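*Asks:* Read off the chains here:
Protein chains: 2
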Amino acid sequence: MFDKLFNPKGVAIIGASQKTLSIGNVITKNLIKYEYKGGIYPINPKADEICGLKAYPSILDVPGSVDVAHMSIPAKFAPMAMDECGKKGVQFVIINSAGFKEVGPEGAALEKKTVEVAKNYGIRVFGPNCQGIINTDPEVKAYCDFTFTFPEPGYISIVAQSGGVGAVFMQNIHDLGVGMRFYASNGNACDISIPEILRYYGDDEKTRVIILYVEGFNNPKEFMDAAREVAAKKPILAMRAGRTKEGAKAAASHTGGMVGVGLSTELIFKKTGILTFQDQEEMCQSAMAFAEQPVPKGKRVGLITDTGGPAIIATDALVEAGVEIPPLSDKAVKILEEKLYPEASAHNPIDVLATGNAGHYRAALDVLMDEEHIDAVYINFVTPPFVDCESVAKEMAAVSKKRKKPIVCNYMTDKPQWTGTTAILKDGNIPLYDYAEMAAKVMAALTNYNELRSRELGEPKTFPDVDKAKAEKILQNGKDAGKKMLSAAQVYEILGCYGIPAADWRTAGDAAAAAEAAEETGFPVVLKADSEKIVHKSDEGGVALNLADAASVKAAAEEMEKKFGKEGLQFFIQKFMPGGGKETIIGAKAEPGLGHTLMFGLGGVYVELLKDVSFALTPVTPFESEEMISSIKTHKLLEGFRGDKGVDRKKLAEIIQRVSQLVTDLPGIEEMDLNPIIAYEDGAFAVDARIMI
Amino acid sequence: MFDKLFNPKGVAIIGASQKTLSIGNVITKNLIKYEYKGGIYPINPKADEICGLKAYPSILDVPGSVDVAHMSIPAKFAPMAMDECGKKGVQFVIINSAGFKEVGPEGAALEKKTVEVAKNYGIRVFGPNCQGIINTDPEVKAYCDFTFTFPEPGYISIVAQSGGVGAVFMQNIHDLGVGMRFYASNGNACDISIPEILRYYGDDEKTRVIILYVEGFNNPKEFMDAAREVAAKKPILAMRAGRTKEGAKAAASHTGGMVGVGLSTELIFKKTGILTFQDQEEMCQSAMAFAEQPVPKGKRVGLITDTGGPAIIATDALVEAGVEIPPLSDKAVKILEEKLYPEASAHNPIDVLATGNAGHYRAALDVLMDEEHIDAVYINFVTPPFVDCESVAKEMAAVSKKRKKPIVCNYMTDKPQWTGTTAILKDGNIPLYDYAEMAAKVMAALTNYNELRSRELGEPKTFPDVDKAKAEKILQNGKDAGKKMLSAAQVYEILGCYGIPAADWRTAGDAAAAAEAAEETGFPVVLKADSEKIVHKSDEGGVALNLADAASVKAAAEEMEKKFGKEGLQFFIQKFMPGGGKETIIGAKAEPGLGHTLMFGLGGVYVELLKDVSFALTPVTPFESEEMISSIKTHKLLEGFRGDKGVDRKKLAEIIQRVSQLVTDLPGIEEMDLNPIIAYEDGAFAVDARIMI
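Which chain is which? The protein sequence lines are R and E, in order. All residue numbers for the first sequence refer to the numbering used here, where the first residue is 39 and numbers rise by one. All residue numbers for the second sequence refer to the numbering used here, where the first residue is 39 and numbers rise by one.
Calculated directly from the structure, the hints in this document are not laboratory data. Check each hint, because a few of them may be wrong.
Identical copies look the same in the list; a pair holds intra-copy or inter-copy alike.
[As the list claims (entries may be wrong)] List of simulated lysine to any residue pairs, SDA-like, C-alpha gap at most 25 Å:
#, residue 1, residue 2
1, Lys511, Lys521
2, Lys453, Leu214
3, Lys71, Asp426
4, Lys114, Phe424
5, Lys649, Leu675
6, Lys67, Pro454
7, Lys57, Ala396
Since the model is a prediction, treat every value here as computed from it, not as a measurement.
Work out the full structure, taking the sequences as your base and the hints as a guide.
*Replies:* Next comes the structure, spelled out in structure tokens:
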């Protein structure tokens, strides 16, 4: 698909310049410096020579074939230059110049026009307002980019919307002494998209792990399809930007709004099997481990250390990162007691002591590789000047190369002095970390990825007992009436259509009818004034709780009639639910191009003060509905706590799925809140609900 | 005090060896390699020459004066060698060898004996089982240590109990290209202690910031006194080990036990003004900023960036680290709009664009330095190959050197290429970070330190209305009776002595008396069987709640008499407190050598499930008691939430202080739980309490 983009035979730089501090000059120099194997053709009508290469007045004058052309010229010349590229038979054009969509409507029009010209010739456009691509393959060495890092060949491929962030990843992976395979940062993404690049990386055999950075999606659906497909083949590590607590904070007033800025991005990652990071360093350091080591089958880690303090720090960090440190088998302990120093620790963490030698390390490694209940190995290796560290490193490398279980190493040394030892460990593909904490986080990333990969999301369940047509009609009625917020009766009717249990309810046109309706639902009841004029019902006296008999209902209704006037006033009567249940909340919020985000949480303090909620993207599968419930911190309250009875979790999970089906069937719903749903030991009932369209 | 330890005129190595992989050999080589300015005297009866230096059979044969002698010999020879050191007039002996206290009683005896010999001669002993010291002063260059890092001179001094961790700090600070002043790792600390070393660093003018690592305290009081004194002079950054969630977890059953492993260390740090870290890298990176930049006066940060994505990441990271990013003044925006590119952002974060030049950066820096409501400056600097980065760096360095407000910089570059730019920034004392997140954490460390330093803890209040003598007598009675757990009556009497409000209570010897007592407290009441034989009162039927009249009290008491037998059975009758209050918990736990840890939290789910509690060390000042209340996540519940009434916070703070005075006066108390204390709008009452002695 993008073979000629990443493996071009010839590259032209339209706008190449002799000016050192110009993008066209930098790209030309980069191609030369990185020793690109194809033809480099600077295009500049006013120069004969640029960076020691012959320059051509037009791309049409280039003698050789050109697969990729850079454009580093004022935006207004882009369509014309594209036309020339077409005539030359160029396959891919990387527009580095800015001045397009990002500067406003005029630029957007220019961008559109440029793409149209390209389409006529079958040219694919990369950018504009972007860096470009890099292919480290020694046979190609294509540095079609104005960045400054010159990476070694390797197995990590990077795709980043923001060039600044992409450059940080590339540079830091390079600083780690790890190689890279492909780099791509496509800025405005007017044509070639990140999902397409992802797919290309997915098909590339030499790409073992993908690093992804996005700030938003033009087409979330396209992204999800590609991500799911590629994530099934190899690990994708990703970060999202724009994560701030402000999102959750501002939404304290209503639950739908709790879906924070950028949260849906994280939910997309989770749903498609992408491992999400919140820290660039952690992601780069983890990429190194993913590129070099196998993925563990579980999260039980064995430690080897040659120094006390760092082992304590490592234990803290591993436990806090969610990794388990199980005790060793008796057999393992016995072997270690025989083979290590008498003062060494033969338990997990295994302390071979500062004076531990190669044989000791090998014994510890062999034991951990053989222990069935150990999934991965963490090593603390400080290089004592009084130990033959190269021999130790050789044993580690030998075990690592068997790729039986992943190894990460907190390597505490002065690298410029311990070059031999470092080289042996690197050659053994052991990822090396300066700090115990980072090594622990990387270990956790490996185990988390294993869990993510092993999740069986399953398919969403379709409940057959729903009346979609009726619900659609009610929604349409609301829309036709120009409503933003459906009336209580409409909301509960829709819930009824989807089998979402609610406390029994009636509507009534006047006080007398309200009292009658209450007789039908049974007492006690809640009475609400149902009129669009009344915005804050409770504050304005439009709600009467816990009415015990018909007389009280009638009196309360008459009071409301007096207050709000009879015109347009309807009453909503609902059975008042008994105490002893637990308040829960389910919310939904439309995500443009995506479906809806669903939210689950416990009501009251838990959601409002502690923000203890979980989210998922529709359509929600049974697995995901259960996961939503389990992943709130206070979920134990639902299982019964301190002698309390538990609640009907199964029913809650079913309601989440029914809500998922509801909003998927009715995409016109902007927001929906079931707040609260009171959950009992044997059922759950919505007792207040809102739908915004 | 330790001048001759850190600035020795001559160093002898007892146990110097020709064997390359031996500690005595490594120390000798280190002194030579680091170009120590004094005399180096290898001591070895069997060699004439070691590492090219003349070796002496005994320290007594050394011609020059020896201030510091290393011992790297089997432990059993230490007393004899110490005697020779005394005769030679050595001032400090660093015992590198292991085989002392850490291996058991025999080693401990040897350690004691060695110190005794040293004391006779007025020798101070460093170690044993330790690394040693380093002084980077170009006039001294004392490398009395077997570590492997060769640091440049600088302003950071390190003191670490664990040599392994100390070496990590030293190496990583060196890797950051930052200098060090002193290093000390004293292992078993048989004589020279960490508090003494801290004090020495505190008095050293060239030490600007201290890095500290401890795993425990021989004498917490001595440490606290020294730490308070030194922290008042310069920043101390510290880490503690053995932090795990297991502590909090295991303590779910009773509140006193919630004080986690190592928690008291963190409380000591906080109380004495030491900035605590949980991550080695964060601490090392922060030390660089503390060594090079001033401390900000507040936490309002202005950002400058030349690239979009990293600015989003920086904003997220700063906000999440608790830093504020306020808008700029109109005046500032106007200046920036005039001086920057038209497409640049003149707001906070200020985006000078990738093409931003030196003048643009300078304008942005000047504006932020002039803004009164900006306390510190954060820069994102990616080095575009098409910009004159050295000129940009020169402006940054010039502004930094004025030391008006601290600057930290996320420096995104390939350092081996941008050597000129890097050198200019380094020379300008600008701390450089590879990642936005780390730069943000360091910025937060600077602002947190400012807050820590500005806290006015005040003095603990002594309540005059207490009856210490009576409380002591009750405790003594309990002790004399061989009790572990005081009886309810004893507990409430002690509370009474310290003015800690409790629900009205009585004791009674039989059922009839219990009913009478209940008439006195008023109904409803709680009735408890008060007998040491009954361990789990509630489970065994020894508690009757909410008894409404005398008859019910009598019946319940008779039931208990039947169940437990009359012998030794007492009744405890207490007024049952009305609903509407909030359950809170105050706990105390003795910390050997320290006083007590106090705990505060909300009762029930909040403490048991969410572990939402705060801690402080006694004696607790009014400021600290308030801080304990404010620092739980759910403290808003106490202030009134969702229409709820608030509770009497002042009273709760007073009770915390009274408990502090109580356990300080009565150090024999092992654990004390007031669980719950029910807090109302106008008061708070303990309704269940336990004291363990």
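*Asks:* Within a copy, between copies, both or neither: which one fits Lys57 and Ala396 at a CA-CA cutoff of 25 Å?
*Replies:* between (57 Å within a copy, 18 Å between copies)
*Asks:* Give the relationship of Lys114 and Phe424 under a CA distance limit of 25 Å: within one copy only, between copies only, both, or neither.
*Replies:* between (68 Å within a copy, 21 Å between copies)
*Asks:* Within a copy, between copies, both or neither: where do Lys649 and Leu675 come within 25 Å Cα-Cα?
*Replies:* Both: 15 Å inside a copy, 14 Å across copies.
*Asks:* Evaluate Lys67 and Pro454 at a C-alpha cut-off of 25 Å and name the case that applies: within, between, both or neither.
*Replies:* between (31 Å within a copy, 17 Å between copies)
*Asks:* How would you classify Lys511 and Lys521 at a CA-CA limit of 25 Å: within, between, both, or neither?
*Replies:* Within. Shortest intra-copy distance 14 Å satisfies the 25 Å Cα cut-off; inter-copy 75 Å does not.
*Asks:* Indicate which option fits the pair Lys453, Leu214 if close means a Cα-Cα distance not exceeding 25 Å: within, between, both or neither.
*Replies:* Both. Shortest intra-copy (12 Å) and inter-copy (13 Å) distances satisfy the 25 Å Cα cut-off.
*Asks:* Please work out whether the CA atoms of Lys71 and Asp426 approach to 25 Å or closer within one copy, between two copies, in both situations, or in neither?
*Replies:* For Lys71 and Asp426, only the inter-copy Cα distance (20 Å) is at most 25 Å; the intra-copy one is 40 Å.
In terms of the numbered hints stated before, the structure departs from none.
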